[in-house]
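From first to last, the protein sequence lines are chains Z and P.
Quick note on numbering that gives the first Met the number 0: the first sequence kicks off at 0 and runs consecutively.
Quick note on numbering that gives the first Met the number 0: the second sequence kicks off at 0 and runs consecutively.
No lab work stands behind these hints: they were computed from the structure.
Warning: the hint list may mix true and false statements.
What the hints assert, rightly or not - Computed list of lysine-lysine pairs in BS3-like fashion (alpha-carbon distance at most 25 Å, straight line):
#, chain 1, residue 1, chain 2, residue 2
1, Z, Lys82, Z, Lys115
2, Z, Lys119, Z, Lys73
3, P, Lys171, Z, Lys246
4, P, Lys119, Z, Lys253
5, P, Lys56, P, Lys66
6, Z, Lys171, P, Lys246
7, P, Lys199, Z, Lys73
8, P, Lys189, Z, Lys73
9, P, Lys82, Z, Lys246
10, Z, Lys257, Z, Lys246
11, Z, Lys253, P, Lys82
12, P, Lys119, P, Lys82
13, Z, Lys254, P, Lys254
14, Z, Lys199, Z, Lys189
15, P, Lys171, Z, Lys189
16, Z, Lys254, P, Lys246
17, P, Lys189, Z, Lys115
18, P, Lys73, P, Lys119
19, Z, Lys119, Z, Lys66
20, P, Lys66, P, Lys46
21, P, Lys253, Z, Lys253
22, Z, Lys257, P, Lys253
23, P, Lys51, P, Lys82
24, Z, Lys66, Z, Lys46
What the hints assert, rightly or not - Distance ranges between label pairs, derived from CB positions:
#, chain 1, residue 1, chain 2, residue 2, range
25, Z, Arg274, P, Asp14, 34 to 40 Å
26, P, Lys246, Z, Lys73, 36 to 42 Å
27, P, His250, Z, Gly303, 42 to 48 Å
28, Z, His63, P, Lys171, 22 to 28 Å
To be verified - Selected chain Z positions facing chain P (Cβ under 7 Å, derived; list incomplete):
#, residue
29, Ile43
30, Ile44
31, Leu48
32, Val149
33, Ala262
In this text the structure is predicted, and so the values were computed from the model without any measurement.
C-beta: ideal position from N, C-alpha, C; glycine also.
2 protein chains.
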Amino acid sequence: MSSPVRIALDAMGGDHGPESTIPGAALALQENPQVGFLIFGDEIILKPLLDKYPALKAASVLYHTDKTVRGDEKPSIALRSSKGSSMRMAVEAVQDGRASAVVSAGNTGALMALAKLVLKPLPGVHRPALASVLPSFEGETVMLDLGANVLVDAENLVQFAVLGATFARIYKNIEMPSVGLLNVGSEDMKGPDHVRQAAKILSRIDFSGRYYGFVEGNDITNGTVDVVVSDGYAGNIALKTAEGVGKLTRHYFKKFIKSDPFALVGGLLAFFALRRFRDRLDPRRYNGGVFLGLNGVCIKSHGGCDALAFSSAVKLAVGLAEQDYIGTVAHDINHLMTQESFHSQDSL
Amino acid sequence: MSSPVRIALDAMGGDHGPESTIPGAALALQENPQVGFLIFGDEIILKPLLDKYPALKAASVLYHTDKTVRGDEKPSIALRSSKGSSMRMAVEAVQDGRASAVVSAGNTGALMALAKLVLKPLPGVHRPALASVLPSFEGETVMLDLGANVLVDAENLVQFAVLGATFARIYKNIEMPSVGLLNVGSEDMKGPDHVRQAAKILSRIDFSGRYYGFVEGNDITNGTVDVVVSDGYAGNIALKTAEGVGKLTRHYFKKFIKSDPFALVGGLLAFFALRRFRDRLDPRRYNGGVFLGLNGVCIKSHGGCDALAFSSAVKLAVGLAEQDYIGTVAHDINHLMTQESFHSQDSL
């Protein structure tokens, strides 16, 4: 039996800070009563809040600091002045083994830089990547990179495929997840050179997933594959576009229902069905970007998260920590790096 | 007064062929009774269909050919064997001045290659780009490139901005459309080199739009700018992702409403509001990709279009032809190419 999982929380990060992170952690604890927390932040603010959540208080150790990383600071500047901040202390708790994972809703760039600096990439990993889980027809799709790496080469993409496949194996509990490369068409000759080169490498290496081929933007929600791999530029744009379409749809749905008294009554009758509909696609259920490829689990929650959304990010951290994602992926990356067919580049 | 606009139709293109294109053209004619059509395709199929739409029949000249470009053919192969096909004959009608615009629902790659070959790029244009109009909070957003150019440089992006701004001026009837570059963040140092370089050039040149800065995926639907510019890789992925999210939302909405008798009654009460909602975001209303930068208006309709969707593509062609998009954009591109600040490259 492994020891119980402990999660380090940057309690001060995000637009709503402790008002979201503390109730969010309390929510996650209800479903995972075995978990302990290390909470980093300003005790003057946190203590009265923790008093409202006695179960969380009992499961937590509070580490005081009044220093925070500002949400709007440039990552390079935030990094230099991060010593002693709630974000950095939380990441360090994973590095020195007191915690199995860290969750923060703070400055994305700063968290990414800090996590890389403190936790370090796993041996063999060139570029850590940001992954997330998105809703699909078939259930859920793992997608990466979502913005950590704007420019990538074929080997980076192949490593993302391995990082993502291992994540899907653990998160979705499937033996050989299917992996697709995001592209502008399914034909072999389509797309940028590094994407076509990555396809060649993925077709010949041995890894714990099954290479499917190229997929397009609509395949993310179609659930064509378990894992969609792309560079951080296209991945981030796809993710933000999806968020935008969701927001636009909700806006117009409410607008047209409210403008018609019959529809308003209809909406009341459909209340429970609409709630199930909303819950199924609720972005808060899918909150939590994971930095894959680091020597430690680091989860970025959306900055604008509420308690429910933050609890999703915490639950993701718990799941990955309990099932030893790091140990598994370290093995899988090592297996990749020992294969000659990964390194040999042929021309397109 | 200019002479009435004539539109060339590849009647055989698309998954449903004449079953969509003929009723679609008839629909478009109802709203634009001044327009004439040149219809290219198999008269054995087309004649009986046209008999059902006497107004369209009266406004059309039918050009017989039993040759078509297959939807699944590689563009290079389709191009070689395209002579005498309905698609090529329709494009040639624009080239020789018999028609002011061509609309096809056929093979995208083949149409793009044919249009470039037959119509030729406008003087100064390096790369024609595929543009479309998407719904937003504020109305509509013009977006390009949607897949014609996977790899682009800074000058290509700047030309796309000019092509798109002129399109928005004519299509949305606004004097100085705002233009944003699609990126992964709004800060100056974010994104790939060619995107940052394009931002520099756009800030200093004189063109018929206003450069806004970087925008993100969610800004497409937010309506932050009138025109969103990107390379064809990210643009195509964003467009297809948006389509996928729309489809997923409709799927789950129907599923949850149907699973609950109260919600079904509610749905009936909300029938008209839901129809207005559906119409506002209906992809068929936004059907029609325009190849910008060619010496002639060429519109690609979605291959799976029905009559309503095809009529949207035809109406787009009519609007651009009637307002002389080609003459205006030729002038705007010429103005761009005479500016020294467009060509001088400084290091980032």
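Evaluation of the provided hints:
Distance check on the hinted pair: Lys82 of chain Z and Lys115 of chain Z sit about 15 Å apart at the alpha-carbon level, within 25 Å; holds. Restraint check: the Cα-Cα separation between Lys119 of chain Z and Lys73 of chain Z comes to about 20 Å, which is no more than 25 Å; the hinted pair holds. For the proposed pair Lys171 of chain P and Lys246 of chain Z, the alpha carbon gap of about 23 Å is at most 25 Å, so the pair holds. In summary, the hint linking Lys119 of chain P to Lys253 of chain Z is not supported, as the alpha carbons are separated by about 47 Å, beyond the 25 Å threshold.
The straight-line distance between the Cα atoms of Lys56 of chain P and Lys66 of chain P is roughly 21 Å, inside the 25 Å bound, and the hint therefore holds. The hinted pair formed by Lys171 of chain Z and Lys246 of chain P meets the criterion: a straight-line CA distance of about 23 Å does not exceed 25 Å. Proximity of Lys199 of chain P to Lys73 of chain Z is assessed by CA-CA distance (about 21 Å); at most 25 Å being required, the pair is judged to hold. Annotation: proposed proximity of Lys189 of chain P to Lys73 of chain Z holds, straight-line Cα distance about 11 Å (limit 25 Å).
Between Lys82 of chain P and Lys246 of chain Z, the direct Cα distance comes to roughly 47 Å. Violation of the 25 Å bound is thereby established for this hinted pair. For the hint linking Lys257 of chain Z to Lys246 of chain Z, the alpha-carbon distance of about 17 Å falls within 25 Å, and the restraint holds. With a C-alpha separation of about 52 Å, the suggested pair Lys253 of chain Z and Lys82 of chain P falls outside the 25 Å cut-off, and the hint is violated. A threshold of 25 Å between alpha carbons decides the hint, and for Lys119 of chain P with Lys82 of chain P the separation of about 17 Å falls inside it, so the pair holds.
Straight-line distance between C-alpha atoms of Lys254 of chain Z and Lys254 of chain P comes to about 22 Å, which keeps the hinted pair within the 25 Å bound. For the suggested pair Lys199 of chain Z and Lys189 of chain Z, the alpha carbons sit about 13 Å apart, so the restraint of at most 25 Å is met. The hinted pair formed by Lys171 of chain P and Lys189 of chain Z fails the criterion: a straight-line CA distance of about 33 Å is larger than 25 Å. The suggested pairing of Lys254 of chain Z with Lys246 of chain P holds, with an alpha-carbon distance near 20 Å, which does not exceed 25 Å.
Of the supplied pair hints, the one linking Lys189 of chain P and Lys115 of chain Z holds, its CA atoms being roughly 19 Å apart against a limit of 25 Å. For a cut-off of 25 Å, the pair hint linking Lys73 of chain P to Lys119 of chain P stands: about 20 Å separates their Cα positions. Annotation: proposed proximity of Lys119 of chain Z to Lys66 of chain Z holds, straight-line Cα distance about 23 Å (limit 25 Å). For the suggested pair Lys66 of chain P and Lys46 of chain P, the alpha carbons sit about 16 Å apart, so the restraint of at most 25 Å is met.
Distance check on the hinted pair: Lys253 of chain P and Lys253 of chain Z sit about 16 Å apart at the alpha-carbon level, within 25 Å; holds. Under the criterion of a C-alpha separation no larger than 25 Å, the hint pairing Lys257 of chain Z with Lys253 of chain P is consistent with the structure, at around 19 Å. Between Lys51 of chain P and Lys82 of chain P the CA atoms are separated by roughly 30 Å; this puts the pair beyond 25 Å, and the hint is violated. At most 25 Å may separate the alpha-carbon atoms for a hinted pair to count; Lys66 of chain Z and Lys46 of chain Z meet this at roughly 16 Å.
Against the hinted window of 34 to 40 Å, the Cβ-Cβ separation of Arg274 of chain Z and Asp14 of chain P comes to about 37 Å, which satisfies the hint. Hint check: Lys246 of chain P to Lys73 of chain Z, Cβ distance near 39 Å, so the stated range 36 to 42 Å holds. In this structure the supplied range 42 to 48 Å is violated for His250 of chain P paired with Gly303 of chain Z, their Cβ-Cβ distance being about 27 Å. Range check, His63 of chain Z to Lys171 of chain P: about 55 Å between beta-carbon atoms, so the 22 to 28 Å window is missed.
Because the closest C-beta pair between Ile43 of chain Z and chain P is about 33 Å apart, greater than 7 Å, the hint is violated. With 7 Å as the threshold, the beta carbon of Ile44 of chain Z stays out of range of chain P, its nearest partner Cβ sitting at about 29 Å, so the hint is violated. Among the interface hints, the one on Leu48 of chain Z is violated; its C-beta lies about 31 Å from the nearest C-beta in chain P, farther than the 7 Å criterion. The restraint placing Val149 of chain Z at the interface with chain P holds, with a minimum CB-CB distance near 6 Å, inside the 7 Å limit.
Interface restraint check: Ala262 of chain Z against chain P, minimum CB-CB distance 3 Å, threshold 7 Å, status holds.
Hints 4, 9, 11, 15, 23, 27, 28, 29, 30, 31 from the earlier list are contradicted by this structure; the remaining hints agree with it.
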